[in-house]
Amino acid sequence: MRAGSVLLLLLWGTRVVSAWEHVSSGELKRVVEIGKPVLVAFVKPEEPASAALEEEWLSAAASINNNSQQQQLLSIDCSLPDSDCAAQQHIKPYPSILLLQLNKPVATYRGLRRGDSFLNFFARRTRTPFVVEGLDTAALAAFKGADEMVFVAYLDLDTDRELAGVFEDVARGYRDEFSFGMVGDAEVTRKMGVSTPAVVCYRLGEVDGVKLEGRFGVGGLGRWVEAVSRDAIEESTVLNWGRNMEDGWPIVYVFGSTASERQKLRKNLYTLAQSHDSFTWVVVDPFQFPNWMDRLGRDIFPAVAAYRPSGDRVYSYPKRQAFTSDLVEQWLLEVQEDHIKHWTPPVKGESTSHDEL
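Here the sequence shown stands for residues -19 to -1, 1 to 338, numbered as in mature numbering (1 follows the signal peptide of the UniProt record, and there is no 0).
Worth double-checking, as some hints may not be accurate.
What the hints assert, rightly or not - 27 Å max Cα-Cα, derived BS3-like pairs, lysine-lysine: (1) K10 / K25; (2) K245 / K300; (3) K248 / K300; (4) K172 / K245; (5) K10 / K85; (6) K300 / K322; (7) K73 / K25; (8) K85 / K172; (9) K248 / K172.
Because the hints were derived from the structure by calculation, they are not lab data.
With the hints as extra help, turn the sequences into a complete structure.
This is the structure:
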């Protein structure tokens, strides 16, 4: 068994006895047939990746279910013989998180395994229409705080009707990640200090947004959405990791064992990542990407490694060295100057290539 796999098993073994509150397949079917949307985690509690999901899932479920007349986040134990999980073609591997709505296609959750991210996805996917239209001043203020990142198109609907369609097309492609709204009221647009046509990206907690001014097409707007949504240090998801790798820059990988640890690491290294933007910085959930630690020679938490595509080389942050921004920066400078030896797999002949990275 690989070192990274052993580490994940040890981490899982330190967790408390499961507190999952599962429903049966029959109960789930009845909930869906009522016509209400439901986000469902299909898990095998005895497996490390499912166990790692538990705390964040239960926190999100308690938050939304306590404020609703119907349970909206549920889970099913797929290790039970009568679970019928095998009949769900979308379930692979475990855990799998699916949004089920009567008479609508199944939507697979591919974001961060974090409580607030589950809730944001549920809100985006159940919002009708998925582009919120007719935002007035009060509704716009509330909408800007409804997600970690929202995109708002400011349009003159008498002359920009074609652009409204373009905006909706792009929004449809990114609705699993971001929220989208539209302002067509000239007075609201004036109060926001925007000239039509324009699209503004608002990050949660930031007062000023980033503007794209002038007319736009699907391709240009899509590229802008990807560029402006990219942060100095990203948390990797199935949705964004390909975009983060495609520029060919050296990559710094940061691993944390829990969602809270990963958020703390991201916060502590954020300024450093901003000042060393010739690297792509990513924070990785080892349960969502279970092979990455092995491929980068890491087996303790927190862990940091750098990968340089030119030469296909991996550099490992010293094990058990204090983990501070200053020390990480010192190590990174040595990596840049090629003053430290790159890591090689312990097994002779094993490749260091990173096809999936």
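Violating hint indices (sorted, rising): When the structure is compared with the hints, numbers 4, 8, 9 turn out to be violated.
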